[in-house]
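Colleague: Given chain A's structure and the hints, the job is docking chain B onto it.
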Amino acid sequence: MEMDMAMETQNPFEVDLGNLLAFNPFHNFPSLPTSRDELVKECLQQGTKLVQAVADRLFSLPSTEDVDGPLVKLPPPTTKLPREKHLPKPKPPTKWEEFAKKKGIKKRKKDKVVWDEQTGTWKRHFGYDRVDDDKDIPIIEAKMTDEPGEDPFAKRQDDKKKRVEKQEKNRLQNLKQAAKVGALPSHVQLAATALPITGTQAPPKKFTKDELGNVAGMAATSTASGGKFDRKLAGEKSAKKQGKHRKFLPVVEGSGIGSQEREQTENVLNKLISKHSHEILNVDKAVTMYNVKKEKKARNRKNQEGKSSSASYKLKPKKQHHKKTAKKGPGSSKKGKAK
Amino acid sequence: MMKVKTPKNGRVKRELEKRAPKLVETGKKTLILQGTKTSGTLNGVLSEIYRLKKGGAVRFTRKNDNIRPFESGGETSLEFFSLKTDCSIFVYGSHSKKRPNNLVIGRMYDHHIYDLVEVGVENFKSIESFTYDKKLAPRMGSKPFIAFVGEGFENVDELKHLKEVLLDLLRGEVVENVNLAGLDRAYICTAISSNRVYLSHCALRLKKSGSVVPRMELVEVGPSMDLVVRRHRLPNEGLRKEAMKKAKDQPKKKVKNVSSDAVQGTIGKIYIPDQKIGDMALPNKAKGVKRERREAKKKEANERASKKQKEESE
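Residue numbers (full-length UniProt numbering), protein chains in the order written: chain A, 1 to 339; chain B, 1 to 314.
Next up, chain A with everything else stripped away, as it sits in the complex:
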């Protein structure tokens, strides 16, 4: 410890400017003052002397003028205090780094973009739209060594997947090695996961807050009144995701045809009469739909002939067939227009 002795006053004080600390190790009370006030006064007096001693040295340091006041650069603290945490440990070299060092392989910096001879453009070294991408090769020439019945494209894909997996394994191994020394990067945590036991079910997935909220919202609005007259709990918020409700056009709106209804019919008409009206009909789709419909009808008829109509038959959602097909009609035409 290098404590500086301030010799300006007759009392030598130990001063640590880095902590703005002063210590007077020679003061002692010859006889304790009887009243508390006197004691406090004496203490403050001694304290003032010490603070003055620190200030004497502090204000004589070179200062730079700032908007808020003069700034002074403090020397590092001389009083030794323990650290809060251990010193950061150096990261151990990865297996590749060790190997590269042994072989004398040096890291080279690669350019971000490379000249692609095939397309005659500059392309990225890695990532999207990169140079020498496997996907850009449409034809793989057959070799004598090729096994018959093997898809070379699938094999290439598979090999790549395996390479990525291997690299991931290596990374984990290196991280484990670093964790052993206690030199993991501060943002990485290695957590041990339980070994999967064969034959057991995977643990059920936890629902997220959002998912639960959505389900709760649906449930809350599935009463006859759409949840409008349900008693709310104290502090309950309104349901998050309420299901869609059907909307109908107003029955009466002004005189004659309502404007909304007119709009609807006009939309349909416009589609039919428009210039490119021939494009809205997708012939292929229409043909398949017609065929499906016909088949279904035939099947239904067969079923009806086979079974006598009973109560159980009524439970089957027979009507839905009709609805669905009816709905599909305008839907397809819409799609056609979008084209």
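To be clear, the hints were calculated from the coordinates, so they are not data collected in a lab.
All figures in this text were calculated on a predicted structure; none of them were measured in a lab.
Ideal Cβ placement from N, Cα and C applies to all residues, glycine included.
A hint or two may mislead.
Here are the in silico distance ranges between beta carbons for each label pair [said to hold, decoys possible]: (1) B:63 <-> A:234: 22 to 32 angstroms; (2) A:180 <-> B:76: 21 to 31 angstroms; (3) B:2 <-> A:75: 44 to 54 angstroms.
Modeller: Below, chain B without anything else, positioned relative to chain A:
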């Protein structure tokens, strides 16, 4: 099997990086908490320590029934709290018949207890009981002066230890630069007897003295109290050595665009930003000069041309 867990967003990552071990540390956070029973005095002491340390302290207000810092096994939850709050000094208050108004001040190293000092609080005077000019009131988080008076701090082991702990508790953030106009508080610790320390918090009044250095005047603003040392536990030697380690070489910040040459000396590279002549401000922008308009026109013409071609080809 191992799983790598990394933070999903940048905010969390930055927060974790703040907590990671650093080469140069800048200050310790304080955790203030209490046991199952406290007294009115102790509540005052704890809340006022929190008030003084605000910004660098965490206050727990619930009862803690399994914290006994001096006993083995009684430090587990304390160490857990330290880990969670990232605090490495703790002030623990408890009140019992045997040890009334008991205050345990301890430090942590790597979230394990490093050392402990136990003191009793007597003659406590709260901040409210002091009357002074409110203009002098110290601002939050300002760097304090600390003064220790008395030979007891050098001769008596307990007080020597208490001095170090108090310094660590009170000194606040370790800074390189300090604003002289912002210095407004001082802590005065006086060793009254071999086991009693008088601690008081003062505001500073800077008076003109005729020279560069102003004359300091202390105004007591509270709190003030007597600390009577009871038990203490020093760190063991191995741990102490480990904790006192310092970084050998400070990390040097790389200076960008500056290189040194044996012949020419220091060479600096200067990058001049693009002049952007095209974006020059014109006194009045006529409609034809506007870029968007011109470009839109060009685009339109192109489209028309391509359409025509198509039609011809059909």
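Colleague: Which of the listed hints are not met by the structure?
Modeller: No numbers; nothing is violated.
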